[in-house]
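Trainee: Take a look at the letters that make up each chain.
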Amino acid sequence: MTISKLREKLKRREISARELVEEYIQRISEVDPSINAFLKVTSEKALLEADQIDKSVASGNPLPPLAGVPIAIKDNLCTKGVRTTCSSRMLENFVPPYESTVTERLWSAGAVLLGKTNLDEFAMGSSTETSAFGATSNPWNPSKVPGGSSGGSAAAVASGECLAALGSDTGGSIRQPASFCGVVGLKPTYGRVSRWGLVAFASSLDQVGPFANCVADSAELLNVIAGHDPRDSTSLNVPVPDYCAELLKPLKGLRVGLISQCFDQKGLATNVKNSVLKAASQLEVLGAELIDISCPRFNDGIATYYVIAPSEASSNLARYDGVKYGFRSEGAENLAEMMAASRAGGFGSEVKRRILIGTYALSAGYVDAYYKKAQQVRTLIRRDFDNAFTQVDILLTPTAPTTAFQAGAHSNDPLAMYLSDLLTIPANLAGLPAISLPCGFDEGGMPIGLQLISNVLEEKRLLQVAYQYEQAADVMKDRPKGEFIL
Amino acid sequence: MTKITPQDVKKVASLARLDLQDGEIDAYTDQLEKILRYVAHLQEIDTENIPATTRAVEVTNVTRDDIAQLSPLKDKLLELSPHSEGRFFRVPKILSD
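Residue numbers (the numbering used here), protein chains in the order written: chain A, 1 to 486; chain B, 1 to 97.
Below, computed lysine-lysine pairings styled on DSS-like, alpha-carbon distance capped at 30 angstroms: (1) B:Lys-93 to B:Lys-11; (2) A:Lys-5 to A:Lys-249; (3) A:Lys-45 to B:Lys-76; (4) A:Lys-266 to B:Lys-34.
Honestly, the hints are just simulated from the structure, not real lab data.
Input sequences plus hints: build the corresponding full structure.
Mentor: Given below as structure tokens:
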């Protein structure tokens, strides 16, 4: 089912919004005990909202664009009156008194909240294993990770527990789980979508975006969530085009750049490489021209990111002090002890690790060597992209160097886990929009993701190319059997 | 590249207001050493005269008039506190004896 098909069905009264919500709640109750994508299912609220939509249909009112679409929301986006935990003990009982801008826009467009999804604690991780409330499993094979940090949202869409979802992407947290779970994940241009009500991780990198089963649905969701928000001073005050308008436009004359540094990776799995190169030839068949592009500083993205993101995180997470909200450790003698004990008790090990790295990189004597240096290399990475976009219209890479790995594979080696974000991080550093969509499967039946990156605010082109590829390749038609895949 | 010692981790933890256990300090010393060694290769990149990027997309300051307003959320925000009393957040004593 796609969003446009659902709209038709509702209009023709072939299905009611209530029936639809009931179907999804049923599916969640069947599969989520095995997958653990949801931290909370908001069944009652969802049914009440569905009834409102059915009333509206009955009275013949025009339906808003996402009427009745059952959506899951990553649990680092504030939902008024619905617990928002960031998968952390620190916020275990936090019930936001306000609604984030992106979710507000979804509900105004008629979408229905099905529940809140699991993530790596405070979105720090690449496997959804650092959640304080248990790991999420990959619906294709539950012994594998779903990717992260938005693993709950990706797994929920892949397993048919919801029609679409929202995630956030700081270094690949939408695209990498989309790749691991065989769904479409879009990270918009930095500032295209409001971050107001998104719990901050690394403010110069964070961006909210949609997960969907298909590219057209992603475009429909972006149409609703994109746009200026006076409450987020980094949100861009530029017009929002209709992202669905040019999906059907042919690719003739399109110049596609293959970043050579991505394909020369030591850690790039052969099956991933072959599958992505096959997708590139498919674009050639559709009329695109393939051009080899060099981005010499591309591979320095990881080192740059693992200075900048923890530095910003250590500053952002200073707010959790046990005073105004969140976990407080009891019995401390004085204020400083209470804060240190609350932070030690409320944060898990990955969050503490990143706070320590960031605090070190920002501390006296090291700030120039680490933080300033990383910001300068960030400029070089941006310039590589600027240069690439004088020669091509869009860039193509694998989304992740491998398919989904086994649960627990990197649990004792944080650096190995960080390296799985190698190919997604540069787009965050440069603020560029990027999308991951399925392009094949490995021998074990696990999905492989293709990443497309376009220039700033060119989501329209990104979606057009992704759509044309998706329709021509139709990789889901001959999909292998996945344990919790419909 | 300086070597990371348990004393460095203790110092950073105290700056970050994290009350770490001894076992944690040893593990983090090891991991920080590895991660900082990995990021150290940035030092080899020539960045002479290269400006720093602080934001990926250029933005300018957004200002508003500085007018005091009553927050409609005041009571709800106080309710979220682990300890509040009247209009105040309650904390342990600030100065030690």
